[in-house]
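*Asks:* Starting from the structure of chain A, add chain B where the hints point.
Number of protein chains: 2
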Amino acid sequence: MRAAELDAVEPLAHLVERFVRPEGLVYLDGNSLGPLPRHVPDAVGDVVRRQWGAELVAAWNSEGWWEAPQRVGDRVGRLVGSAPGQVVVGDSTSVHLFQCYVAAARLRPGRRVVVADPDAFPTDLHLLSSAARLCDLEVAPARPADVPALLAARGDEVALVALSEVDYRTGERCDVAALTAAAHRAGALALWDLAHSVGATDVDLDGAGADLAVGCSYKHLSGGPGAPAWVYVARRHQALVDPPLTGWHGHADPFAMDGRYAPADDVRRMRIGTPPMISLLALDAALDVLDDVTPPQLRARSTSLVGFLVEALEALVPELPLAGPRDPARLGGHVAVRSPDAWGVVRALAARGVVGDFRAPDLVRLGVAAPSTTHADLATAVVDLRAVLDAGEHRDPAHAVRPTVT
Amino acid sequence: MRAAELDAVEPLAHLVERFVRPEGLVYLDGNSLGPLPRHVPDAVGDVVRRQWGAELVAAWNSEGWWEAPQRVGDRVGRLVGSAPGQVVVGDSTSVHLFQCYVAAARLRPGRRVVVADPDAFPTDLHLLSSAARLCDLEVAPARPADVPALLAARGDEVALVALSEVDYRTGERCDVAALTAAAHRAGALALWDLAHSVGATDVDLDGAGADLAVGCSYKHLSGGPGAPAWVYVARRHQALVDPPLTGWHGHADPFAMDGRYAPADDVRRMRIGTPPMISLLALDAALDVLDDVTPPQLRARSTSLVGFLVEALEALVPELPLAGPRDPARLGGHVAVRSPDAWGVVRALAARGVVGDFRAPDLVRLGVAAPSTTHADLATAVVDLRAVLDAGEHRDPAHAVRPTVT
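Sequence lines, in order, name chains A and B.
Those letters in the first sequence? Residues 2 to 407, per our numbering, in order.
Those letters in the second sequence? Residues 2 to 407, per our numbering, in order.
Think of the hints as simulated: they come from the structure by calculation, not from any bench.
Using N, Cα and C, we set each Cβ at its ideal position, and we do this for glycine too.
Any given hint might turn out to be false.
Coverage of chain B stretches by chain A, computed from C-beta distances (three or more under 8 Å per stretch; other residues unrestricted) [unchecked claim]:
1) 36-45
2) 69-81
3) 118-129
4) 277-285
5) 289-301
6) 355-364
Just chain A, same shape as in the assembly:
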């Protein structure tokens, strides 16, 4: 069996043992919520029982809680090509995005166009529309492939190009370095949403010269449900960046209790209010899993898994077309196939113990978390998908009910 052979030789295969893998479950929804690392419950227990319970407020100093947003930010930053001192962790991706949109507009006064993918994850577009309304910006829609043409036509009006490296539906990657360079040639900034990238691709923010980036932590990083997201500000912008959410944790001297806002002189100015420390320290612990792994190593494993999944899908379920490219080099950490019965397919797979997810209107999305997924998992999933389709299980009326969260 080829899957078993690949699992036997893959150099990071041992990472899988660091996760709880519920018996009988093939979990391919790690890009909605990554699985639990085995050691995280004890780490969270220590945060709650000892740090909070026994040290109480002193833990803000003694346990390094105050600096945790930067410290954990640096740990995440390593995985996206950021040198230390450019990432903080703390709020949701949505909040960090809003910070970045307004801040980017202020870094390019006189330019009022923001280029964004009309098929981006909705929250990106919602927050951008809101920032545009507040800052009198124009949102110019363009798919990544069309951005260079738009920049050629209107580049001198563009303040910001805001894109996701990995399409949340199809898994397709775009070229961060090339699009960042194109933005810069036009005098614009580049903001990257790396929600589906971190832990899956070898994106290199510093190398690409990116200006701003955000991402979430509950997917391939397995930081836990609603784990605090992160924001990157290239060092060259940190003295000037002027975000709208000026909470006291971003103040140069928070305990002076000064009513006038004086921002910290570095990436700390992206901090806002008191971060959710238990969730943040769960993420901190989860990152231990990847301590001895480099981004290229992780990317190689992701590519091996994703490539195997694409081949298996093409071989066994050729009637469901891939939504994205077939070359794993051009994919992030998930693969999607189209089906008019996508909802039923996802539910029928779940009934067989294979958890993927549905993305409206017609996608079956199979997530490949490089640290915690095996080639054997993917083989099982595709064989089950074939069986679902053959038996018509996806048309079972029992699978038609839709819960709140799909």
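*Replies:* Okay, now just chain B, sitting in the frame of chain A:
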């Protein structure tokens, strides 16, 4: 001993047993971080091990994670006089404040003045200044006592009166109902910061006719470090309120993945991105402590404790003047005394096992968390304070070092 007698007869004295109280510590910093309820570690363990670890992404439905911001919001709302359906929990106080400032300005177009206390907690002023810059508002400073005069003079320009019920330094309360009514007479809205109120006062948001409110959850509610904060929007405003942070969790149909923002038709539109679920469910568990307690009962206990502390301070350390009023009815859940050596006093008390906190420039703040503090704790603290001053321990050079978080 009077403290012991009061503890013996006080009807909520049993609540104290629900908290971890580290041996040898008198903890009077519950308004910076409330102590750990005994059952919370097991509840958090269940969230991490079973809900995340075993149910994985399905827990968003099966464990009610998706609705948790409203469900926990209702539990907090009960403690501040809010009927269900008007409070959500999820982001930091700072983020919720920004939502409210911009939303309030939009509810009162044509009026561009926001009245705020120049001595408010800094984050309130920082975020208000930022909102004012984005929305072309004028911030008119007024201490609570001076607000009616300002409204009399300029009321027709005022969009919002934004105040804290309890002064974070002195503990002094202001009259929420009277000031809300004054704002309304001028045609303005009232926003209340209840960070130091919830769990300490008997504030009645619905009864006062308040429009908007925010508060944190890590003080008297013991929700844990950085517990998600909460925001209240009176039902009459929910169909119109138009907050700037339009994340996908506030969308009417989040899983339609619609790029156009259509807000939910109720308080859910104050939701933003994915909330930090482990921290949020720690707060949820912590609220169990108060399930069988009414706000007036809790307020009575707070008043008993605070009144006892004021009397003890006046009797034993008359040379340190109270920063706020002496009548406990006019105080929230903390008492502060002034000393030019406040930093040294706080450190010397800590060396004796009495944890209060310092607030620049000259305050020794002693927090009284009604559920977890005893009259005996307060007696010990004041006796130790007397001893510190008599022995000159507050002038010990060893206490001069300042950590990051004070």
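*Asks:* Give a verdict on every hint.
*Replies:* Evaluation of the provided hints:
no. : hint    : result
1   : 36-45   : holds (count 5)
2   : 69-81   : violated (count 0)
3   : 118-129 : holds (count 9)
4   : 277-285 : holds (count 6)
5   : 289-301 : violated (count 0)
6   : 355-364 : holds (count 4)
Comparing the model with each numbered hint stated earlier shows that hints 2 and 5 do not hold.
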